[in-house]
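2 protein chains.
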Amino acid sequence: MKSSGLEPQIAEMFDFAQTTVTQAREVALKWFRQAPEIMTKDDESPVTIADRSVEQFLRDAILQRYPDHGMLGEEFGLSHLDAQYIWSIDPIDGTRSFISGNPLWGCLVALLRDGVPVFGIIDIPFTGERWVGAHGQGCQYGGVACRTRQSTRLEDAILYATSPDIFTQQEQGVFDALTQAVYLRRFGGDCYSYALLALGQVDLVVEAGLQPYDYLALRPVIEEAGGVITDWTGQPVTMHSDGRVIAAANLAIHRAALEIIATK
Amino acid sequence: MKSSGLEPQIAEMFDFAQTTVTQAREVALKWFRQAPEIMTKDDESPVTIADRSVEQFLRDAILQRYPDHGMLGEEFGLSHLDAQYIWSIDPIDGTRSFISGNPLWGCLVALLRDGVPVFGIIDIPFTGERWVGAHGQGCQYGGVACRTRQSTRLEDAILYATSPDIFTQQEQGVFDALTQAVYLRRFGGDCYSYALLALGQVDLVVEAGLQPYDYLALRPVIEEAGGVITDWTGQPVTMHSDGRVIAAANLAIHRAALEIIATK
Chain A
108 MKSSGLEPQI AEMFDFAQTT VTQAREVALK WFRQAPEIMT KDDESPVTIA DRSVEQFLRD
168 AILQRYPDHG MLGEEFGLSH LDAQYIWSID PIDGTRSFIS GNPLWGCLVA LLRDGVPVFG
228 IIDIPFTGER WVGAHGQGCQ YGGVACRTRQ STRLEDAILY ATSPDIFTQQ EQGVFDALTQ
288 AVYLRRFGGD CYSYALLALG QVDLVVEAGL QPYDYLALRP VIEEAGGVIT DWTGQPVTMH
348 SDGRVIAAAN LAIHRAALEI IATK
Chain B
108 MKSSGLEPQI AEMFDFAQTT VTQAREVALK WFRQAPEIMT KDDESPVTIA DRSVEQFLRD
168 AILQRYPDHG MLGEEFGLSH LDAQYIWSID PIDGTRSFIS GNPLWGCLVA LLRDGVPVFG
228 IIDIPFTGER WVGAHGQGCQ YGGVACRTRQ STRLEDAILY ATSPDIFTQQ EQGVFDALTQ
288 AVYLRRFGGD CYSYALLALG QVDLVVEAGL QPYDYLALRP VIEEAGGVIT DWTGQPVTMH
348 SDGRVIAAAN LAIHRAALEI IATK
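If you read the protein sequences in the order shown, they are chains A and B.
Just so we're aligned: the first sequence equals residues 108 to 371 in my numbering.
Just so we're aligned: the second sequence equals residues 108 to 371 in my numbering.
Please note that the accuracy of each hint is not assured.
Pairs count within a copy or across copies, as identical chains cannot be separated in the list.
Said to hold, decoys possible - EDC-like, lysine to aspartate or glutamate: derived pairs with alpha carbons at most 20 Å apart: (1) K371 <-> D283; (2) K137 <-> E182; (3) K148 <-> E330; (4) K137 <-> E236; (5) K148 <-> E182; (6) K137 <-> D167; (7) K137 <-> D175; (8) K371 <-> D122; (9) K148 <-> D263; (10) K148 <-> E262; (11) K371 <-> D338; (12) K148 <-> D272; (13) K371 <-> D349; (14) K137 <-> D122.
Simulated from the structure, these hints should not be mistaken for lab results.
The shape of chain A in the complex, shown without the other chains (with noise of 0.2 Å):
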C-alpha cells in the first residue's frame, strides 16, 4: 500500500513494516511441513522454532531501527510496554494448522500508538496473500482496495470461528445461538478468516480466548475495510480486551450478533 496519505514517520514505519514481513516469509516456510519439533507452551498452546524464528527476525529488525519502541510479541513477551509507540507481532497466527501442513497461517503485525492500532498486515506467506490496513487509508488486498460485504443482513451471513475447541461451554452456546441466526458457519481459519471478512467473502467471525497479538493487527484492516471489529460488549479492542472478539462486515450485523449475545 502506498503510504502517501499518512503522517510522514507513521508511513516510514509502515513501508519499513511490509518489506520486513515479506523477508520475514521465507523465515517461516523454511520450516513449513518440514517437521519442524512440536514444543508445549504453559498454556498447553504448540510452538515449533518456526514461530520463534520469525518473531526473532522481526524483533531484531524493528529494534535495530526503532530501538525505544515497545513490543508485545507471542513467543518473547513484552518489552517497553511504556513508550508510545508499541509493535504487535504473531510470528505465526495458526500455530495448529502450520503443524498439520495446513497452508492458512499468517503473520500479524501491527503498530500501536498510544495505545491505538495505526497499522495492521496480515501476511499468508503460503499462497503470497497480503491483506494491509491504515488509519484513513482503507484496507489493500494485494495491493488493491477492498471492502467488507456492507448489505449483508444477519439471516444471510457466513460465520467464521477457528475451532468449536477454543470456547468455554458457556461461549459455544453463545456461538451456538449465533449459529442458529446464520445462512452458514464454519470452522477454521485462524486470521485467515478475519482477512476474508475484509474482502467481502465473510460477515461474521466470533471467536475467544484470543490474545492481543491475535487480533490487534485485525483492527486496522477490518476498520479500513469498512467492518467493525470489538469484544463481545461492544468495546473496540485494545491490548486489555478480554480476548472474546466479533468482527462484523457492517453495523447492522455487528448489532445484530451483539444482541443475541446479551441473551445468552
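Chain A is already provided as a structure; the job is to place chain B on it using the hints.
Relative to chain A, chain B alone:
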C-alpha cells in the same frame, strides 16, 4: 505423474485426466470470490454455477473421448453405471469453502474399473497444488513422490474433520472419543485434509455423511502414499459405502482408531 508403469489404455486415460483437470482450473477460478449466486440442493447443501460449470466441462471432455464410459458426478448424477469404466467427479469439493472465499476447495476425479478406483486426482486450483495416485505407481505431490507418516502412533496423531456439523449426535460421540486419544484435532479442510495425510502432515481424517464422489478419488491417493482408507467398520470404500470414512497414515493408527470406534 508419468504413467509408464500402467497398462497402456489406463495410462492414456490417466494422462488425459491430468490434462483435463488442469484445464478445468480456470473454469472454477473464474467464479471464485466473484459472488456467484448460491442455490440450495435437495439435501440443503449449497451449489453455484461454478460447481455446475466445472462438472459440465469435465463430463463433456470425458464423454467426447470415451462415449461409452460411465459417470458418477456430484451435480449431474449417474449415467452408464453398468460400464466397465466409470468416472467419479466432484467438481468443487468444499463448496462451503468456495462460497466463503476460503481457497482450500478442490476438484476430485477418479477412474473406476469394475468398481475399483485405479487412479485419483486431488487438485487445488487456487494454490496450484495437486496430488495424484495411480494403482501400483505411488502417490505424487507436485510431481514428487510423497508418503504418509508410517510411524506415528495414535497418541501423537493429528486428527481432522471438515466440521462437527457433518456428524450425527452418535457420530459426534465417536469423534470426541477419538479426539481424547490423539495429540490434536482440527476442523476444516474437505479434501485438503486427506491430501495432507498423503503428504505426511496429518495422521487421521474421520468423517461421515460423505458421498461416493467425495471419497473415491481419495482412495488411490492415500493407498499409494502408504495410508489406509476404509469405512468405519474397516471395509474398503466403494461406490456403495455408507459415507462414514476413516483415513489413517498407517495400519497401526487405523487399527487403534477402529477399536475406539467399535466401542462407541
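Results of checking the hints against the structure:
no. : hint          : verdict
1   : K371 <-> D283 : within (10 Å within a copy, 25 Å between copies)
2   : K137 <-> E182 : within (18 Å within a copy, 40 Å between copies)
3   : K148 <-> E330 : neither (32 Å within a copy, 35 Å between copies)
4   : K137 <-> E236 : both (17 Å within a copy, 18 Å between copies)
5   : K148 <-> E182 : within (9 Å within a copy, 46 Å between copies)
6   : K137 <-> D167 : within (19 Å within a copy, 42 Å between copies)
7   : K137 <-> D175 : neither (30 Å within a copy, 48 Å between copies)
8   : K371 <-> D122 : neither (44 Å within a copy, 56 Å between copies)
9   : K148 <-> D263 : between (39 Å within a copy, 17 Å between copies)
10  : K148 <-> E262 : between (39 Å within a copy, 18 Å between copies)
11  : K371 <-> D338 : within (15 Å within a copy, 39 Å between copies)
12  : K148 <-> D272 : within (17 Å within a copy, 30 Å between copies)
13  : K371 <-> D349 : within (17 Å within a copy, 38 Å between copies)
14  : K137 <-> D122 : neither (24 Å within a copy, 32 Å between copies)
In this structure, the hints that do not hold are numbers 3, 7, 8, 14, in rising order.
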